[in-house]
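Asks: The primary structure of each chain is shown beneath.
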Amino acid sequence: MGIITVLWEKWVEFRRDFYKITVAAMISPLMYLIIFGLGIRTTSHGEPYIHFLVPGLVAMVTMTGSFGAIAQSMSVQRLYEKALDQVMVSPTPLWQFITGQVIGGSLRGLYAACVILVMTIPVRHGLVFNWLSFLIMVLNGMVFATLALVLSFLAKTYSDAPRFNTYIIMPMSFLCNTFFSTEEMPDGFRQIIDILPLSQASGMIRSIANGEAPGAIGFVILFAYLIILGGISVFFIYRKKNL
Amino acid sequence: MIELKDLTKKFGDFTAVDGLSFEIGTGEFFGLLGPNGAGKTTTISMLSTVLLPTSGEIYIDGVRLTRGASEQKRKLAVITQEYSMRQDMTMDEVMEYQGRLYYLPKKEIKKRANELLEFAGLSEYHRRTVRHLSGGMKRKLMICRALLIEPEILLLDEPTAGMDALSRRQMWNLLRQVSGRDMTILLTTHYIEEAEALCDRVAMINRGKLRKLDSPESLIREIGEFTVDETGEHDLKSTHFHTREDAIRYLESASADSTFRQTTLEDVFIEVAGRKIT
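Line order of the protein sequences matches chains A and B. First residue of the first sequence? That's 871 in the working numbering, and the numbers climb one at a time after it. First residue of the second sequence? That's 6 in the working numbering, and the numbers climb one at a time after it.
I should point out that these hints are in silico values taken from the structure, not numbers from a laboratory. Owing to the predicted nature of the structure, the values given are computational and were not obtained by experimental measurement. Glycine included, C-beta positions come from ideal geometry on N, C-alpha and C. There could be a bad hint or two in this list.
In silico BS3-like pairs for lysine-lysine, Cα to Cα no more than 25 Å straight-line [said to hold, decoys possible]:
no.: 1; chain 1: B; residue 1: Lys10; chain 2: A; residue 2: Lys1111
no.: 2; chain 1: A; residue 1: Lys880; chain 2: B; residue 2: Lys111
no.: 3; chain 1: B; residue 1: Lys115; chain 2: A; residue 2: Lys880
no.: 4; chain 1: B; residue 1: Lys80; chain 2: A; residue 2: Lys1110
Derived list of chain B stretches under chain A, where covered just means 3 residues or more per stretch with a C-beta under 8 Å from a C-beta of chain A [stated by the list, open to error]:
no.: 5; segment: 53-62
no.: 6; segment: 73-87
no.: 7; segment: 90-97
no.: 8; segment: 106-112
Just chain B, with the same shape it has in the complex (with noise of 0.2 Å):
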């Protein structure tokens, strides 16, 4: 488990994270959602202890993260928004370094690296250095790498971010095959699709307050799971129903150019933030 105790991060007069407090079940597929500039990827660094927090406490099972909590952070493995490997490693010498860092025998590294990659499709680059692979190359290396030490808790800070549609679903298979595992994830993203795909609760975070957190599906219930948008002549309005009737009534008396559909988490955002997440 996870606990967040009223985490903050200040620099300088800023303050990107802001009195954070959450916790994160054993096994859950959390989602952490904000739009950019909200705070996501501070915490997340500040989970994998790069940063230290201004004030506030990670727990993970019940003992104080810090930087010498060897034995909290053997858990951890976290996959960051910019590809953090050596770039003049091969793969081979990137599983490998991993593999050292967590202590695992050289035999176990070999056989465990071998599977990742050629469940990766990477096999055949094992020894292409990393600053020869493409984006989508590294970012399934990065996966890799993490995979490798089999952890009790994947951190993953905008996994999708910058790739195409297709590689977004393969790696959306692919997370939802990791959560099988009986893994606790925790994914920042500003997708709103993605979270609703994957995640069992997400908290919404902006200027680094959490405004909101539930299961997708509460919170959508919570503002109305139907909408009717009416397009106006500079802006679009958009009005919640918990029922398709009382929907379908309003869409009746509203303007011809309006719209009915079922509402989403970007418009529960929208009414907890007052903006859009892009």
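Pulled out of the complex, with its shape left as it was, chain A reads as follows (with noise of 0.2 Å):
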């Protein structure tokens, strides 16, 4: 099966890459555990500022692993490599590339929140990372990596890949409930913020840790993004014109 295909060539390229896929995985959220939760100790609704940071670095780096994964190796298949070519003429189904691609960009998304989850165990005492945590994490890396295959596949030169990192992956980092809660934030850029998938994922990996239950408004956000950027990368691929 095509998606199989697709794992292998992802699985190829994470065991060549092992040790610079992990160390590029712990350097920003480490950074960020250093000066905001350890460095800068405040509080935050009573609460250790590190307990409100770590969930929100977890989704974080579900976002940044997943989309970087599928960005980066899309944009030089397609543009530079070429490598894309032999996909497209196989008989191989597009639609099992893509699903292939979104399933393996999770998979790295996932990866990374580990990685993470494992370097914050002595920091983290009392939050709870259950399988929900997880859905969710494998949930918001599909998102991100089919946003990926969109942008890569409207990508005029090889350049444009760090330019979707610097103007939508960044933004999101700072704003999407990862440092602080947008309830703060003035009512009209508020709601904005809130709809975008990273917010709903920080939030709801949040509250299980808090040991709440998370809303399934997230899960619909989520999950519309999924089919919205799924169906716009399932067309490109079959139906654009100069790929």
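Make the complex out of the two chains shown on their own, each in a separate frame, by following the hints.
Replies: Below you can see the structure in the form of structure tokens.
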């Protein structure tokens, strides 16, 4: 099945770059943990700030891990290596290729989240991460892997990939419920930020971490993004005139 | 059988392929000949479905080729002009990826890959990543990758571009062996001698339009098999003749700088398109 082929290709990539991928997954979250969690010791809602920060960072790395894995790889394959041509001419159904990319990207995000969870064991006493947290991490990773696919199909040059990070991923990292609650944002702006996928994923993972049930609306929003972006990427790979 | 029906591809205002229509028979070695920018690679890209036509259709064995036509695509393999491979994969991984994309069993992939890499003289480098291979080795690997799936139709886009004379000859020999397997081959090239040496029939295209289509021998016969070149002060004038006697008679009355030779496909192209293929 085509999905397994793509996952095998992702596994080859992961196995080869294991150390690079692992270190890259650790660096930024480690900096945020040191600066905001341990360096500037504050509290949030009466709790140590690090308890607020860790679930947000976990959600954030599922986004950056999944997005980075697909945006970088697909842009290189499509525009520089032309390796996508090999897939396009093959009998592997293209929807399976897309599905494989989305699952593979999501697993890379999940791996990055697991690295953070292991790193923060000494400082996250009392926070709960259960199967539902992992489901949200996978779902969030799938959303951003699909977004990465759509953007890499739109990219005109190889240098567009880093631009997507600057314009989309970096602002979301800082604004979407990672470092501070969106409740503190002004009306109008808050509603826009709230419907972004990372805000929902952070909020839900944080709720579970604090022993509360996550709201169903978060799942609805993440699924809606996944269906819309998935539909666009499938449309592009079947119908875009010049891939 | 491959059928191109009124195939057109536009990029904005620029028409790269303009109403191309022809058929390629099963087992035929077919050449698409034209200068740089004639529309050869665009045509191959539409056959490999990387580009979709602006209008017109492609049929493989009577079924329309689309990106979703898995059964038709199973018959196709492409060797592109660029080294279209994952640069960070090893040769073994490149072959396995190809085999998996075409649903070959793992044992079969391993067996065929070993045979092909051995045949191409690449087996000792099988663990080397693509980025560490020379240009010639990458080209051979692309051929091995295409042959791994034992395609019914092989699309070759300028397979000898940038090769030295010896490597080019080796490639021709390899292609002759491959065509002996009853495979339909579409070769694009701007090397006249390549088309002449390998192809059963040749389509000459220029500025996206089909100018001539026939066997190399018939195309040459049509304008005359004998040529007299007259070197002028600023240009070279070639006149073609159907009989040797006519050509010699003309040569005797021509200037001292004139020479006599056999007509080539390049002469045909100059007659048809009004410019040299380089």
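Asks: Decide, hint by hint, whether the structure agrees.
Replies: Hint check results:
no., hint, in the structure
1, B:Lys10 x A:Lys1111, "holds (18 Å)"
2, A:Lys880 x B:Lys111, "holds (18 Å)"
3, B:Lys115 x A:Lys880, "holds (20 Å)"
4, B:Lys80 x A:Lys1110, "holds (23 Å)"
5, 53-62, "holds (count 6)"
6, 73-87, "holds (count 10)"
7, 90-97, "holds (count 5)"
8, 106-112, "holds (count 3)"
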